[in-house]
Every structure is written in C-alpha cells, then in structure tokens.
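Chains as they are written, first to last, in my numbering: chain X, 2 to 462; chain F, 2 to 462.
Just so you know, these hints were derived from the structure itself, not from any lab. Treat the hints with care, since some could be wrong.
What the hints assert, rightly or not - Per label pair, the in silico range of CB-to-CB distance: (1) F:Asp-431 / X:Gln-348: 48 to 54 Å; (2) F:Lys-398 / X:Glu-104: 28 to 34 Å; (3) X:Pro-33 / F:Arg-242: 46 to 52 Å; (4) X:Asp-246 / F:Arg-416: 55 to 61 Å; (5) F:Ser-108 / X:Asp-246: 44 to 50 Å; (6) X:Asp-246 / F:His-293: 25 to 31 Å; (7) X:Pro-274 / F:His-293: 37 to 43 Å.
To be verified - Here are the computed lysine-lysine pairs in the BS3-like style, where the Cα-Cα straight-line distance is at most 25 Å: (8) X:Lys-195 / X:Lys-71; (9) X:Lys-87 / X:Lys-173; (10) X:Lys-71 / X:Lys-82; (11) X:Lys-71 / X:Lys-83; (12) F:Lys-282 / X:Lys-281; (13) F:Lys-281 / F:Lys-11; (14) X:Lys-144 / X:Lys-82; (15) X:Lys-356 / F:Lys-281; (16) F:Lys-173 / X:Lys-355; (17) F:Lys-87 / F:Lys-11; (18) X:Lys-83 / X:Lys-415; (19) F:Lys-195 / X:Lys-282; (20) F:Lys-82 / F:Lys-71; (21) X:Lys-195 / X:Lys-11; (22) X:Lys-355 / F:Lys-195; (23) F:Lys-11 / X:Lys-281; (24) X:Lys-11 / X:Lys-173; (25) X:Lys-282 / X:Lys-264.
Claimed, not checked - Which stretches of chain X does chain F cover? Using the computed rule of at least three CB atoms under 8 Å from a CB of chain F, they are: (26) 59 to 70; (27) 195 to 202.
Every residue, glycine too, gets a C-beta built ideally from N, C-alpha and C.
Protein chains: 2
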Amino acid sequence: MQSVLDYLQKNQSRFLAELCEYLRFASVSAQPKHKPDVQACAAWLVAHCRQIGLDARLCETPGHPIVVAKTPNAAPRTPGKKPARKHFVVYGHYDVQPPEPLELWQSPPFEPRIEGPIIYARGSTDDKGQNFAHLKAVEAYLKTGTPLPCDLTLVLEGEEEVGSESLGGFLKEHRRELDCDAVVISDTGMPSLKHPALTYGLRGMMAFEITLHGPARDLHSGVFGGAVENPAMALARLLARVRDDRGRVTIPGFYDDVKPLSKFERQQAARYPVTDAQLKKLLGVPQLFGEHGFTPTEQRSARPTFEINGLTSGYQGEGSKTIIPAWARAKITCRLVPNQDPKHVRQVVTNYLKKICPPTMRLEITAGHGAEAYQVSPTGPLAQAALRALESAFSAKPILIREGGSIPIVNEFKRILGADSLLLGLGLPDDNAHSPNEKFHLGCFEKGQRMSALLWQELTR
Amino acid sequence: MQSVLDYLQKNQSRFLAELCEYLRFASVSAQPKHKPDVQACAAWLVAHCRQIGLDARLCETPGHPIVVAKTPNAAPRTPGKKPARKHFVVYGHYDVQPPEPLELWQSPPFEPRIEGPIIYARGSTDDKGQNFAHLKAVEAYLKTGTPLPCDLTLVLEGEEEVGSESLGGFLKEHRRELDCDAVVISDTGMPSLKHPALTYGLRGMMAFEITLHGPARDLHSGVFGGAVENPAMALARLLARVRDDRGRVTIPGFYDDVKPLSKFERQQAARYPVTDAQLKKLLGVPQLFGEHGFTPTEQRSARPTFEINGLTSGYQGEGSKTIIPAWARAKITCRLVPNQDPKHVRQVVTNYLKKICPPTMRLEITAGHGAEAYQVSPTGPLAQAALRALESAFSAKPILIREGGSIPIVNEFKRILGADSLLLGLGLPDDNAHSPNEKFHLGCFEKGQRMSALLWQELTR
C-alpha cells in the first residue's frame, strides 16, 4: 500500500498537467454549440483510462455519451452467490455549467490558470478535478502492480448539469454489470481542508420556467401604457406572492411532506465550522437572509427553497426603449428536502400560479427536471469506512454534513441498483462552482487521491 | 395653389422611392455601433434638402447632428418689429428606435417593404415618413415656383429617441434664427384615415433604472440557496409594491400635482373612435387593464403610469443554470400628465424605493431623461387653422385628442422660443411604432403632404 501512496506523491506535477488537458474541453452540456466539445472530452477520457490500464469504453446515449472504465479481471457476480470480491462504482461527470457571464472571469474559463495551490477553470471543482482524483488513485494501484482489494467501475457521465436525463436508462440497461456494494461520488464539498466531510444528505430539486404573455407584440409605452397590463409588472407581482418577506414559501401545500429536522441532525449542523459572519463575507452580501427559526447552515442544506435563476423581459440593451414588453419570463428552481415529492411540489406550485395569474395574462409553464432529496445513515459500515479513509488522508477528524445541492442520480443508484452512495466531496465553499472564476484547491486534489486509494482498503477490511 | 397640389399628386411614386432611400439608414440613436448610420442619414438629408431648393446645413452637437433647412429669402425678423412674413418651424427627427428583437420582423427593418398601400420599415411612421411629408410639400411650392405665404425652417434632429439631449442647447444658441410664430410637428397619430386629428396634449415622462445588488457574484442555488436573499426575487417584491392590482401607483406623492380631467376633456376623449373591443383586438391582449374610474382612452393619454420596459437578471440562455443571480435590474419609465413635475416624481419614487428596499440588497438607481407633459388650447387661431387644413386635406372632420406618448421637446420650444406647437400626427394606431414590423400608410403620407401644403395658407389667412 505504501508504494501506492508514494506513487501518488511522486507524480503530482504530471497529474496536474493532465488535469489541465481535461479542463481545456468546453464540455458545456446545456449549450448545443458545445456538443463537439462534450464529445471530444468523452473521447479523451476513454483514451486516458485505457492508458492507465483500465478497460474503458464510450457508451452512447440519447444525449451525451457516458464513459465506463473498469479495473481488469473483475470477479464474476452471479445473483444469489456471494462474489469473491466486492465491487464499487465510482460516479462522476465530465460535463460543466455554462461559463457565462464571460466578462467576469479573470482568465478564460477553459484555459486553466494555476496560482499557488489553486487551479482556476470551469469544471475544476465541479466535477472534473474531483473525479480525476479517483482516476489517479486507481492508476497508482495499476501502475505499481498493487492488487486492488475490490473491483471498480468508473461511470463518468456528460449530462449531470442538465439533469442526467440518460443515466437512468443507462443504469437500467447495465444493471447486471453495475451491480455493486456501493457507489462512491465526489461531487460535493467539505468546509475546509481541516474539515474533511462525509455528506449524508442532499437536497432535491424541481425546475421550471414561467412565461407571462400579454400583448401580441411589444407596445409603445406612451401610446398604450395605462390601458394594458405590463407583463413584466404582472410577473413581478406573481413572483412576489410565492414567498413572504422572511423567506418562507407561501404556496399552499409546498411544505406538506417536509420531514422535520431531528435533534441529532440539528446538532450535526451546529458542528459545521463556518460562522454567520464568515458566510456573509464569503457571499459578499450586505446581510444574510433566510427562513425564521433555522440557522443559515440548516436553511441552505435542510430547508426547501423557491429560487429565481433568471429574469428576462423587454429591452435589455444600452439606453432606454419605451415599450411595454409582449412577455416576461422567470427561470425557477425549487430545492427540495426529504420527504418532498418533486411531482407533488410541481403540482402545488402549478396550481397556485394558475390560481393567482391575472386574467390579463396568459400563463405558460415549462417543466424542467426534478429529483428527490436523499439521505443515508451516517452510522452504517460504509459510512464508517469512509470516515476512516477521510481521517487518514486528511489527518483531521471528519464531520457529517448535509449539502444543499442536488445530485439527482444518487436516487437513481438507490432505485435502480439498490446501492447506497458515499458522498465524499472534495470542493471548498469558496470554489465558485456554477460561478465565474471556478477553482479547485490542489490540496484537495492530492489528499482526495490518497483518500480514494485508502477507501478501497477500508471498505474491504 | 392648385399647381402645388397637382405637383404632389403627380410625383407620388418618386416620393416613395426617396422615402425608401431615407428609411434604409439604420439611424438608431441609442446604439453607439450605429453612429456612422446616424451621420450618413443626416448628410443624406442635407443633400436632399439642397436638391429641393432649401438652404440646408448640418449643425454639429455634443450628440448627433441636427439638420436645419430654410426656405430661401426669409424676411428679416427684428425684435420689437412686426416682420413682413410669418415664420414657422417644422420639427421632426431622423433617428429611430432600436429594431430589436430582430427575429420578430417579417422583413429586415432597414430594407423597406411595400405591400399594397403600406410601407414597412423601422422609422417609417416614427418619424421619417411623417417629416418627409412636410419636406415634399415644401418641394412642391419651390419646384412649381408658387410663392410660400410664410418663411419655413425645418429642424430635423437625431436624438429624439434618446431624450433630445442636444436640442435645448441648439435652440438656445439659435434662438434668434428660430424665432417663430409656431412650431409644427408631425410625430403623433390619428385614430384612422377618416379621423384626422389635432393633438392638444401629450404626456411627459421620467426614465430610470433600478438595480438591486445582492451577493458579490452569482451563487450556486443549491449550495447557498435559503440563506441569502435572491436579487431577482427582491426586485419582484420591490416592483410589486409600487402599484396596486387595479393599475394605480401606490407611491406616496406620485399623484400630487395631477390636474384633474375637465368635463370638456372627458367629452373629447369619449369622441375617440376606437371601442374597447377594437383596442383589445389591436393590442392582442386577453383583457384590457387600467386604473379604476377612467376609460381606456383616458388611461392611456391623460393618466400617469409606472411602466417596466425591461427586466434582466441571472441566466437567460438555453436550458437551466442553477444560480442565485448577483444582481437584478429593471428599466422603468413613468408617463406623466399636466401638471406633474418630473423632478418631483423622480424624488418621490426614489424616496419610496429607498424606503422599501430590504437591508439584504444594495439599491442603485440610475436616472434617465425626464420631460413635462404638454397642453395647448384647442380653441386658439393656430389650432383652428390646423383643423381647417386637416379637414380639407383628408376630406373628414378632424377630432381633438390627447396623446399618451411624450415629445419632450415641445416643452423646450415653449420655454426657449416661446412658441406653441401644433401636433399634426400622421401615424395610425396599428403602425407598430417602437415595435417590430413598424409601418406607415401611404394614404397618410400623401394626405399629410397636402395638409402641410394647405397649412401654410391657413396659418397666414
């Protein structure tokens, strides 16, 4: 085992150069113009996995392809028989968020920039840097000839940022091949390098777009203004009615199935080593804001939200244009918690919006993707093994956290493969995931590789 | 005089070809990229005026140039002495609104398309087609050798759509040269070709932008959502509080100085020959909407408004992007009526927004241009002359209307030159001014030329 850890230590600069290659692909899954970049990135990953010694292939899907890479000579798994070796799936995604607004990046999003112990690039922390750490840990076993105590299958998809539409079908089709003891995922975060973390819960989500249509075309606001409702104003008034001034959603039924936080969970949340003042400074807000009766840690990880991601209406160019816009649109995502059902939430939200939409407007609602929240027991043997690997790799006592983001596919792994997921996030809170100047700490990269190498030992002890 | 009218009748097809030339200039004053087009349009106008026989020149300003064209051999005007001939200023503007959104045009905005009696192009009705009608009437006098009963100065500016910033200074500088008996302006509308109109009132305006700044950058809505206010939501909530659900502005002091409508004015408004059903159909709205206690005609011409012209926040591209936007912006124009003071309205609006802005947001207000409303007596000799010219040119009894749009410079003519303005609009209600597929009726063009030719006779009778 020491040779594996030594190999990792010795090869950091090469690993970093390879990570830069990986980050140069503008694999933006949401934007059709980047389809060739997504495909090139997948092809590069397959070639890289083969070079390491993995048995890798590209699986086409109705959307972007999935990269599958397996350690050689896997033990056969026959239903009903205990296999010779355990099998773990390592999940990650090679697609990234759109880089816009480009003008806020200090260096181009797809030209990685290294400054001290930090690498800046779109996808560096979410999720290329994180899944690459696992890949390098496997390489260390294979290249040093150290026997892996288990079989591994890496599944790297290209649609995580657009709802993992194809993954469910892929898992169903390859259910036998992917039959495993657990799924390991590094796509979340830890509070700091001194606080490695196991994430035992995730929020779900429900995305949609609201468009209010008013006049048949933009109207002169002088000639017609006053005798016709303004769609932008109608939208503002509609949105103002879904939430109160303390952050609580006012849509009837929205909180119907929310599982209350237990005393134990609130204690764990209180251990989270970020003060309100630090959070306020990190976000750069004049003041924190959130639902009454919950701490900021609870608000952003264990409470549902109704969030506007974008507003579009009328004239947005330079100068002024005196119009009544023909329509106004809001992009929305609701974050969900256990045990909210995205379908139910979508239904109550839709019902409410239809009910309060004024007769002067035609309401159009476009459904986006939905996913349930997730929770796994933090006291089971899988979690305990993960906590040991974290403690050893980071030389620090790990903490148990719930994360506010969504990894919808965690539910798919449970539902289709029957497997629990171990969420071992390597991101830091200020990594700017989904924002300009996304970054990844090289300490997280290196310790993440070590954690991954140790994890296979701990999981098979 | 008959030779003037005959000349007009005979030359319509050439006039139309020339109007097309004029409309091909993309003279968009709001967009810096179109500055060369604005300048080329002005230069073309000067050349065209000279060709007609006018004494024309380009006057540079701090913004876009102003074209000044005078009939030859003007009678000298000495302060205190009655001049030999009356002098009228004809005002128009050669700049146009931005053409966006381009995808909604059925043919390119700067490639005029003629279909039956209608010409489609940006600027066709607002205001190139209208001011060109006056130019052609002058041409008819000059080319037929018919003596004009008065002196005329055409003033065609290039900044009307961006608030006529330079015109005030220009009028002050050329106060002596522009000393006149009245200003004639065709930049408004008539209800139909059967209802030529004199507009005796205009609304004023007050433009500004509100930006709410929240977090220092776009945030991951999963990781941070719930513990931080969303600027798009804060903006919606702010905007929802400036107006009630019946269209009445709720900002304290907003209606302070509004002059109530007289019985006579309400009678004139009731003559306006457009039914609510026709208006609803014209605008393509599910339902009309407006302030309680006023008819749609009154609401859109004689009542102040608070109108959102554009909303911008967060992600607007394809697909979804799960962020909390760093900021959210609304472009706003308030329409004002006599006797509201734009400065006072700006002050009460600003005070109110500051008061209701939540402590989670930093409020930025950017002031745009402002202008007072305007009203002129519909029973004076100037108006009576105009009504006679209208009736003769259009063979129909003209009506007296108030228009909801703003022509800020009407106030400047009054303040600086001491001159009243005759608003003889040639546009039709469905001309799509400021909208895609702007158009102008060739009947308005031709009858407008005749009205202009007759007007100089009536004004000097």
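Now the hints, each set against the structure:
1. For the pair Asp-431 (chain F) and Gln-348 (chain X), the supplied restraint of 48 to 54 Å is violated, since their beta-carbon distance comes to about 41 Å.
2. A C-beta distance of roughly 58 Å is found between Lys-398 (chain F) and Glu-104 (chain X), which places it outside the suggested range of 28 to 34 Å.
3. Under the hint 46 to 52 Å, the C-beta atoms of Pro-33 (chain X) and Arg-242 (chain F), about 40 Å apart, miss the expected range.
4. Taking the beta carbon of each, Asp-246 (chain X) and Arg-416 (chain F) are about 45 Å apart, not inside 55 to 61 Å as hinted.
5. For the pair Ser-108 (chain F) and Asp-246 (chain X), the beta carbons lie near 49 Å from each other, so the given range of 44 to 50 Å is met.
6. Under the hint 25 to 31 Å, the C-beta atoms of Asp-246 (chain X) and His-293 (chain F), about 27 Å apart, fit the expected range.
7. Taking 37 to 43 Å as the suggested C-beta distance range, the pair Pro-274 (chain X) and His-293 (chain F) does not conform, at roughly 57 Å.
8. Straight-line distance between C-alpha atoms of Lys-195 (chain X) and Lys-71 (chain X) comes to about 32 Å, which puts the hinted pair past the 25 Å bound.
9. For the hint pairing Lys-87 (chain X) with Lys-173 (chain X), the CA-to-CA distance comes to about 20 Å; that is within 25 Å, so the pair holds.
10. Using a Cα cut-off of 25 Å, the hinted pair Lys-71 (chain X) and Lys-82 (chain X) holds, with the two alpha carbons roughly 21 Å apart.
11. Annotation: proposed proximity of Lys-71 (chain X) to Lys-83 (chain X) holds, straight-line Cα distance about 20 Å (limit 25 Å).
12. The suggested pairing of Lys-282 (chain F) with Lys-281 (chain X) is violated, with an alpha-carbon distance near 51 Å, which exceeds 25 Å.
13. Proposed proximity of Lys-281 (chain F) and Lys-11 (chain F) is contradicted: the alpha carbons are some 39 Å apart, above 25 Å.
14. Our distance criterion of 25 Å between C-alpha atoms is broken by Lys-144 (chain X) and Lys-82 (chain X), whose separation comes to about 31 Å.
15. With a C-alpha separation of about 23 Å, the suggested pair Lys-356 (chain X) and Lys-281 (chain F) falls inside the 25 Å cut-off, and the hint holds.
16. Distance restraint check for Lys-173 (chain F) and Lys-355 (chain X): the Cα-Cα separation of roughly 56 Å exceeds the 25 Å cut-off, and the hinted pair is therefore not satisfied.
17. With a C-alpha separation of about 29 Å, the suggested pairing of Lys-87 (chain F) with Lys-11 (chain F) is violated against the 25 Å cut-off.
18. For a cut-off of 25 Å, the pair hint linking Lys-83 (chain X) to Lys-415 (chain X) stands: about 20 Å separates their Cα positions.
19. Among the hinted pairs, Lys-195 (chain F) with Lys-282 (chain X) is inconsistent with the structure: their alpha-carbon atoms are about 66 Å apart, more than 25 Å.
20. Proposed proximity of Lys-82 (chain F) and Lys-71 (chain F) is supported: the alpha carbons are some 21 Å apart, at most 25 Å.
21. Between Lys-195 (chain X) and Lys-11 (chain X) the CA atoms are separated by roughly 23 Å; this keeps the pair inside 25 Å, and the hint holds.
22. A hinted pair counts as satisfied when its Cα atoms are at most 25 Å apart, and Lys-355 (chain X) with Lys-195 (chain F) does not qualify at roughly 43 Å.
23. For the suggested pair Lys-11 (chain F) and Lys-281 (chain X), the alpha carbons sit about 75 Å apart, so the restraint of at most 25 Å is broken.
24. A C-alpha spacing of about 40 Å is found between Lys-11 (chain X) and Lys-173 (chain X), which places the hinted pair above 25 Å, so the restraint is violated.
25. Under the criterion of a C-alpha separation no larger than 25 Å, the hint pairing Lys-282 (chain X) with Lys-264 (chain X) is inconsistent with the structure, at around 28 Å.
26. With a cut-off of 8 Å between beta carbons, the segment 59 to 70 of chain X has 0 residues touching chain F; three or more are needed, and the interface restraint is violated.
27. Chain F is given as covering the segment 195 to 202 of chain X, and this is violated because 0 residues of the stretch bring a CB closer than 8 Å to a CB of that chain, at least three being needed.
Hint check: violations occur at hints 1, 2, 3, 4, 7, 8, 12, 13, 14, 16, 17, 19, 22, 23, 24, 25, 26, 27; the rest are consistent with the structure.
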